Structure formats: structure tokens, C-alpha cells
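2 protein chains.
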Amino acid sequence: MNTVLAIDIGGTYTKIGIVDKNGGILDSAVFSTKSKEPFAIYLKELISNIKQLLGSLNTQDKPMAIGIGAPNANSLTGKVENPPNLNWGKETPIVKAINEALGLPVYIANDANASALGELRFGLGQGMRNFVVLTLGTGLGSGIIVNGELLLGEHAQAGEIGHVNVDPNGRYCNCGLQGCLETYASVTGIKRTVFELIAEMREASPLRSISFEDLTGEAIAKAALEGDALAIRAFDITAEILGRKMADTVAHLDPEAFILAGGLSKAGDILLKPVKASMEKNLFVAYKGKIKVYLSDAPRDAAILGPAALAWSYVS
Amino acid sequence: MNTVLAIDIGGTYTKIGIVDKNGGILDSAVFSTKSKEPFAIYLKELISNIKQLLGSLNTQDKPMAIGIGAPNANSLTGKVENPPNLNWGKETPIVKAINEALGLPVYIANDANASALGELRFGLGQGMRNFVVLTLGTGLGSGIIVNGELLLGEHAQAGEIGHVNVDPNGRYCNCGLQGCLETYASVTGIKRTVFELIAEMREASPLRSISFEDLTGEAIAKAALEGDALAIRAFDITAEILGRKMADTVAHLDPEAFILAGGLSKAGDILLKPVKASMEKNLFVAYKGKIKVYLSDAPRDAAILGPAALAWSYVS
Numbered sequence: 165m166n167t168v169l170a171i172d173i174g175g176t177y178t179k180i181g182i183v184d185k186n187g188g189i190l191d192s193a194v195f196s197t198k199s200k201e202p203f204a205i206y207l208k209e210l211i212s213n214i215k216q217l218l219g220s221l222n223t224q225d226k227p228m229a230i231g232i233g234a235p236n237a238n239s240l241t242g243k244v245e246n247p248p249n250l251n252w253g254k255e256t257p258i259v260k261a262i263n264e265a266l267g268l269p270v271y272i273a274n275d276a277n278a279s280a281l282g283e284l285r286f287g288l289g290q291g292m293r294n295f296v297v298l299t300l301g302t303g304l305g306s307g308i309i310v311n312g313e314l315l316l317g318e319h320a321q322a323g324e325i326g327h328v329n330v331d332p333n334g335r336y337c338n339c340g341l342q343g344c345l346e347t348y349a350s351v352t353g354i355k356r357t358v359f360e361l362i363a364e365m366r367e368a369s370p371l372r373s374i375s376f377e378d379l380t381g382e383a384i385a386k387a388a389l390e391g392d393a394l395a396i397r398a399f400d401i402t403a404e405i406l407g408r409k410m411a412d413t414v415a416h417l418d419p420e421a422f423i424l425a426g427g428l429s430k431a432g433d434i435l436l437k438p439v440k441a442s443m444e445k446n447l448f449v450a451y452k453g454k455i456k457v458y459l460s461d462a463p464r465d466a467a468i469l470g471p472a473a474l475a476w477s478y479v480s
Numbered sequence: 165m166n167t168v169l170a171i172d173i174g175g176t177y178t179k180i181g182i183v184d185k186n187g188g189i190l191d192s193a194v195f196s197t198k199s200k201e202p203f204a205i206y207l208k209e210l211i212s213n214i215k216q217l218l219g220s221l222n223t224q225d226k227p228m229a230i231g232i233g234a235p236n237a238n239s240l241t242g243k244v245e246n247p248p249n250l251n252w253g254k255e256t257p258i259v260k261a262i263n264e265a266l267g268l269p270v271y272i273a274n275d276a277n278a279s280a281l282g283e284l285r286f287g288l289g290q291g292m293r294n295f296v297v298l299t300l301g302t303g304l305g306s307g308i309i310v311n312g313e314l315l316l317g318e319h320a321q322a323g324e325i326g327h328v329n330v331d332p333n334g335r336y337c338n339c340g341l342q343g344c345l346e347t348y349a350s351v352t353g354i355k356r357t358v359f360e361l362i363a364e365m366r367e368a369s370p371l372r373s374i375s376f377e378d379l380t381g382e383a384i385a386k387a388a389l390e391g392d393a394l395a396i397r398a399f400d401i402t403a404e405i406l407g408r409k410m411a412d413t414v415a416h417l418d419p420e421a422f423i424l425a426g427g428l429s430k431a432g433d434i435l436l437k438p439v440k441a442s443m444e445k446n447l448f449v450a451y452k453g454k455i456k457v458y459l460s461d462a463p464r465d466a467a468i469l470g471p472a473a474l475a476w477s478y479v480s
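As they're listed, the protein sequences go chains A and B. Every letter in the first sequence is one number past the one before it in my numbering, and letter 67, counting from 1, is 231. Every letter in the second sequence is one number past the one before it in my numbering, and letter 308, counting from 1, is 472.
Treat each hint with caution, since some may be false.
Since the list gives no way to pick out one identical chain from another, each pair is judged satisfied if it fits inside one copy or across any two copies.
Stated by the list, open to error - Below, simulated DSS-like cross-link-like pairs (lysine-lysine); rule was C-alpha separation at most 30 Å, straight line:
| no. | residue 1 | residue 2 |
| --- | --- | --- |
| 1 | K226 | K243 |
| 2 | K185 | K452 |
| 3 | K445 | K208 |
| 4 | K386 | K215 |
| 5 | K454 | K243 |
Treat the hints as calculated values from the structure; they're not laboratory data. Since the structure is predicted, the reported quantities are computational estimates derived from the model, not experimental observations.
Start from the sequences, fold in the hints, and give me the full structure.
So, in C-alpha cells, the structure goes:
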């Protein structure tokens, strides 16, 4: 069977997998990205994991090409550039490094741009021509589809909605700016909000016994679903800010829909309902009632479908 | 000579003209839009002005088509819909009305979208593939060019950057929302800022002797150029907010450039310099040093070049 090798590099985990033309995943693996380590150490572990994966494949299933989704990847240069959530430095020529190690053609896209391609080819974006994917993970990534194609922009860097400004005097962002959307609307963002609320509120909460490092999006979602007032308020604040900024995105792009993906989207209705309400309230009159918001239905290990879609767009 | 008839409907003035294929203006006229009046009165005056213009033309210069740029125009329906700055009601079928009155094919676009087409065909946008036009007039309009074409969006309503949010608790906007960019960064916006500063500051200023209704963008620019502290501060505040929001637009679209047009852009460097500084300061690292900002070099009566470019895109 014809396949591609897909690599999804997240701030926390890296996922790799062998993917067929219909989005079927033949085999996959996950390892820690260890974002505080330099690239050389990461590359060694990546290649080792890939070789292990390839070693267990039947010969006829060997991949024809490699697709990579990575934070702050530049599809024109093949480099990862200034990633705020990875300690890799200014410019990392990852396409060249992987091509040299494995001898296959390698294509790269910003991780969230790859996700948008994945939704377009395999997911909820099938049949849509104008939509925006927001990946709510360690950071907030975005991929914009216009007229059925990925919006690249003049320097192939379009779609950094995680760095629109919420508050000029707001939270410090890893990118060096202050008040970026991803410092509020992401797994890390809602954790920061929980810690603000622990300081501000009086109510008991199971979240008070967890350190910042140990706190997860899942723990906050679980507490909210069990009625914890602090966790519910954290989701409401996150959703209010995200919905307001989604209305700004609509005022630029007039999309058919948003697709929310990434770890935080797994929280479901406790995120989706207040996001929809906040967006709708803040929409300019021409857009009211017209813009849909979906949660990605891709299973969590399907993050590799984005880079797979990228690779398939070249080999098929 | 082959020509088109161009109609630019602004919140304050309506400009009409006969335009050839190279953007040459054979003849033109201006009249007050009287935005507080209903559409029926406006239409009568518009047709009367057009007939007068056509009456003085040589037979061989008669237009082949009509292009209209109007606030909140929907190019799909041919209607002006919910214009916050015109008292025309919910839906005005202006294309049908003008076609019936004059018997020529009529095309319409949002006024700022038309401006972007004008810059692309006749102005600073020639040779650029990705840029954003911001028209700083009574309101703030925008037109977005992506890959050499006007970005329409799913409902042909893309590019309402005047209604992105600056402050959820900010100024009331004619559109019903609060804190929209156009309430700060437009001729009306800087007037509102001047009046805030008159209340806040102690310094003498020539602007203190002018009523809100009588105050113009030109008067504020003139005072600033003559060193008036209040007027200079009004430009700095306006530019800081506009530049910050332009950085958000870059985080969506990654354009090559912005082109600032409309009445306020005529202020020149007292607007442009602080706008550039504020945008640059707020840009995400991937964009720093890469995005140009120009003032449109179109003369003020060239607003009709936008709708002319729209009409030419159909007849040539």
C-alpha cells in the first residue's frame, strides 16, 4: 500500500505515524519532545523512533515521502524559526537534517497549518472552502483555508492568530510580546487563568492541591464537569476571550466555520458553548448567525493526519 | 474611448466619474451623501448628477458599465446591507435601482474592497500579490488582496477590519458593538480622541474653539503640524491603536504591505511614522522588519478609481 510518514512536533509530545491515502494510520508512536533540550538531542531521538517504526513495516508499506508539522516552521525555507515553545534557537534546518538521515523527500508546514490541511483532506473541513483551524494545545496555533487552499501570505507565515493581542498590559508570552491570545486561550493559558482564580477566589477546589507544573487541561476539564466553581469560571473566562478574538478573525476572513482542535478542545461543551456565545455577541452585524464553530472530531492521536495531508498533497 | 462610470459612496460625500482603462478620469463630480436621509432621496440626487455628467460627454466616451463602491455593499446580492453610517435601513437593492434607471450593467463592492481593487489595478498595489488597504475616512474600511485577488470570504463579507475590537469596554460604535477599531482610527475616531484630550489636558489648543460637528481631520492635522501638543497627542494615540491592530492583521494574513488611504491618511508623516513604530513594536517575531506601510498616493478625488477598477474587471 502507498503510504507517507507523518511527524507532528508539539511543544510537549512528538507523534509519528505511517498514513495511507484515506487517512488510515498503519502504525504510530509517541515520545516526549523535551522542549528544553537543544535540537541535536531531539533529532537523534526522532530518527531512532522513526527507524523503529519503519523496521516493523511490511516492505510494500514503506513511505514515499515525509510530512512534518512543527511550530514556527517555514515551508519556504524548510526551517523551524524562532519557536517560542522550543529551545532550538533562531533557525533549525530540520527538512535538510531529516532528508539527509532518511533519504526521502521531506515537506514541512507550521503545525497548525498542517492541521488545517488535515481537516481539509480527512476531517470536518472536507467540502468546505473557507475555514479556520485553531489548535488549543501548549500554545494556540492556527491554519487558515481560503478558497479551498492554505493561506500562506507573502512570507509563508500567515496564520499566527495565537499572537494577536488581547491586552497590551496583559500576560507575558514566550514570543516576547505581552498579552498574546495564546497566553489566555490554550492549555497553558487556562492553567494561568486557574492560578489567577486560585489567588482571587475563596471557594474550595480540587485544583488548589495541584502545582502549576503538574496541572493539566484534563484535570481542569474534569473539575469543571464535576461542578467545581473555579474550574467552570476558568473555562468561561477562556471562552469569553477566545470568542471575542474569533469575532476579530471573522472581521478579517469571513469564514464558513472555525474548527477547534488540540488538547483543550477535548473539554467539549464546557468550552464550545461559551465560545460560541462570546463570538456571536462580538460579531459585526454582517456576520451574525452565519459562522459555525466545530470541535475537531479527530481522535487525539490523529495529530499526524495534518502532516500526512501535507505529504499527500505532494505525492498524489 | 472605452470608459466606465464609477460611483464612490462615502459616509459624507459621493463621488462619480468617467474613467478610462488606464485610470484616466475624463470627468467627475461630487455631491453630499446626506447620510441621515433615506435612500429614495439619495437615489434621485445620484441619478440627476449622473445624467448631468453623461450629458456633457462625447458620444464615443459613453460608459460601457457602472462600478459602485459603497459601505457595507454585498457583491453577491447587489445590496447595501445594514450600513452603520447611512440611514438606508436593512437592505437597499442599489444595483437593481441604478440598472433600471440607466440601463447599463452595474457591479458593486464594499467601498474599501473597491479601493483595494483600485490600488491593485491603478495604484501602489500594482505588482503586489498580498496587501491590505485601510481607508481612514468617516469610518475605517478595509480591502484585502490575497494572491493577487480580492479576498471575499464565504459570504462575500471579508475585510471589516474597522470592527475588530480594541477595548470591550470602549467607545460605542454605530454598528452596535463597543470598542470597534473605527471608533478610534478614522477621521471620526481622532475627533473623539481630541475631545477626550480637551477634557483631560490643560494645555491651550486652537482645537478648543471648534465644536465636534465643525471639527475636521484637516484641522487636527494642521494643528499637529503647527506643534499643537493636544493635536500631536491625538495623532500618537490614534497611531498607537491602529499600529497595534495592524500587527493583529499581519498575524492573520502575513501581507507584503498596508496601504493607508482616506481622509486621515492625508495627514502624512504625523500619522505614518507612529503607525509604523507601533505596528513594528507589536509584530510577532516572524514578521518583524518585513511588513511595509505606505500612504496611498492617489489624489483625494481618485476615490472613484476603486469602483472604476471593479467595473473594468468585468468589461475587459
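### Message
For a quick check of understanding: which of the numbered hints are violated here, in increasing order?
### Response
2, 3, 4
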